[in-house]
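Visitor: First to last, the protein sequences are chains A and B. One point on numbering: in the working numbering, the residue at position 638 of the first sequence is 638, and numbering is uninterrupted. One point on numbering: in the working numbering, the residue at position 158 of the second sequence is 158, and numbering is uninterrupted.
Heads up, incomplete: computed chain B residues facing chain A, CB under 8 angstroms, no partners named:
#1 GLY36
#2 VAL106
#3 GLU151
#4 ASP159
Derived by calculation from the structure, the hints in this document are not laboratory data. Idealized CB from N, CA, C, for every residue including glycine.
Each chain, written out:
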Amino acid sequence: MATKSDSMETPAKQKEREASFIASRREFLGPISLGAVAAGAMSTQALAQTSLSGGACGPLEGTKVAAATTQSLAEPTRRADFAGRGISGAEVFANLCKDEGLAALFCCPGNYSVVHAMAAIGIPTYGGRTENTMTNAADGYARATGEVVACSGTEGPGFAGMVYGLANAYTAHTPLLLLASNQTIAGEDREGLQHIDQQPLTTGIKKYGKRLITPNRVYEYGANAFRHLKSGVPGPVHLDFPGEVARAKFTNPSQLKDFYDKTRYRTENRPGVAAKELRSALDMIVKAERPLLIAGAGVFWRKAWDPLMRAVERHEIAVCTSGPTKGQFPDEHRLSANLSPQALMSADLVIFVGQYKMPSPSEYRLNPDIKTIRVHPEQDSIGEYWPVDLGIVADETLFLEALADGLPKKSRAPWVDELAKARAAFDKQHDDYYQLGLKYSTSTNALHPAVIGKETADFLYRGAIDPKQTMVGWGGYTTLRFIPPRIRANRPGQVVVCPYNFGAIGPDAAVMIGAAAALRDGIGPQAAYKGAPTLCMTTDAGIGFSLMELETAAKYKIPLICVVYSNNCWGTWTFADGWPRSVHVHLFQEGIRYDKMAQAIGCHGEYVRTAEEYRAALKRSYDIAARQGIPCLINAQAIKEFSSTTAYPPGPGFPGEPGVGGFQK
Amino acid sequence: MTMSEANAGAVVNAGAATAGDVTAVIPVLESYSKRGIFRTFSASQIAPGKVRAKLLWHYNRSYQITADGDRALLRISSLLPQVPSNSAMFHNFRTFVEGFGSAETVPHRRLDPLKARIKAENVGDNATFLIKVMDGDYAYAAQKLTNIAHEVFLAFLPDGPYWEYRIDVLGLDPDSM
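Just chain A, with the same shape it has in the complex (with noise of 0.2 angstroms):
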């Protein structure tokens, strides 16, 4: 039956959206300032060249988004059959794919039969401007989602700039779905136009990688692929495919290879934790004091989070959450030790849980003499970097909903009390940043990052709107001391850490215009708050990689707000110190307007310089994307300086880990 592609809002369903989110959050438009719910409540085109106050503009106009491209969107999806003429091997591939669940696929033209079969079935399908930023997309779509994700491109150009993504893709052990076509095998050896050996290239950064050269087994290398993306520890597969795959005839199922379904080619058993092994460990965690539990990736990717809470509340334990996503467990919770850092070093065990990337003890500010218990679905690394007292292998929802069924309940008051005590001095440091931060912008006339991540909290979590609906994400190390501590995940999904572990600079605006797609349309944990807008924290340096790509948010209507702390150069300009013949290797041009530049391809643009214009800034801009559907750029100026610990201490900083920030493991 033909079904409506969901890739791109349809008018009715936009009207559906604005329906229920704005409707429903009345409060928080009331304290918007006039001049902005009139804004808000203008057409695209009213908005065009509009000077709302101050800094702030709509998409310049003329830029809209084509007729053709919201025919296309409307069309109708259908499955291809044997039936006829046959089915092609890049639609029995798309076929699997559906059947799969695959959540979304983000590319650039290339690999046209794959990506034009996998669009045809209702897959929901984005076009952008660069392979590398659109890989960045699917990656977020991920992390925000739990879900498998895939991105394409075309043969050796599009493909070697989807490397970059890939790698950021595996450091976070997202089920990236990786499709590239690929010339032909006749073709092979001949150094034809665009041709590149490519599996080559992606060993160290996939799970799992095949160049599909046997027509009759595309099936069956999809199956493959689907096993690795869903079973175990999670990672990217990298498929490629030569023509004579993707175009070769099948007119009858049996001339397809290990033509079966998933049902059959992957189990969805997983292992338990055995007798033996729990009872040491609910032994271990009955007798400490102080107990701590490492909610890492595998607890959102297995979507962990209810046995988690059950197990922690029963004993009171601790939880710190680490991994690209966060959210897990809440912050706000009274066992959050996220925000806790002076307790973390009082934990007398550790309890890993669905820690893929496991830190060494000079990494994580735990004590020397701590305990430990990691828990992994596979026995080969655990032991590595960290060793352990209690080694478990076990999937983690398997050994949470065990964990919550074995511990008996327990009060630890003088834990709890730790923790909270350790959260007010957290947030008193944060506040006397604020106050520093305050004193810095009015004497410059420029935002200091204390003074951002201050405001953002404020607006996202103490004002009108709804503190669980707005997913942010963030990136940028200059800022990495002052606006992560400010940010709160309190349910799943709601945070994604773009550098994660990798700490590529720029992947940031890509990431989340695929999380904030996955939050428009509700998919998986962001169900709840479907059509709220998503915050993007970024820096100049970061969104010189993927500002582009912001004009593929303002053509599916993705309400991202990217907010671009804006200091005229690279963050690592003070590393040049004492070589004053290279500091122009880390500086740009001062003073850029990102913010026409986003106007320019169909964004609204604002640019501030003090906390009062950025508030304003902020709510203006959530308006926008909320009502319309409008992505958002905030060109938050800065000066360099504000990088310097004696300039302007303390400078940078790296928060504590694990809990506070997510930068590193």
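Once you've looked at the hints, dock chain B against the given chain A.
Guide: Structure of chain B alone, referenced to chain A:
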């Protein structure tokens, strides 16, 4: 008299020490090596009543821990180099480490004053601290010394305005963070 000697003297005068087996520090420190806290480790009794341990630890730097039974002192050498004694950083360091002797610190992290006392010291612009053993329990003192030094690296430095210090002096590779 150097500042170090003055500080050590102050701690020594803080109370009478009880004799104990100074070699008790060796198995305690060795246990950290066996559990991956120290990356390399060696220790020996270098003279009667004196033990010296060498280890590789934070920032891939070598550290030396000495236990002196005659003076009932444990010291970790050159914990933070290039910190002038009159600097704000040393002032903050002193406040931080000596806070472990304060009643404001939670009991499970504080030094029991009947067992040990702590003092920051600065020798040739090297900031470090020493622990005076009050009851002859060198194992306790070695454990506390390790814990407090660990907090210097994982709390004092990252929480303070020492980003550039960590890069310039301790050799932190900012690209590896």
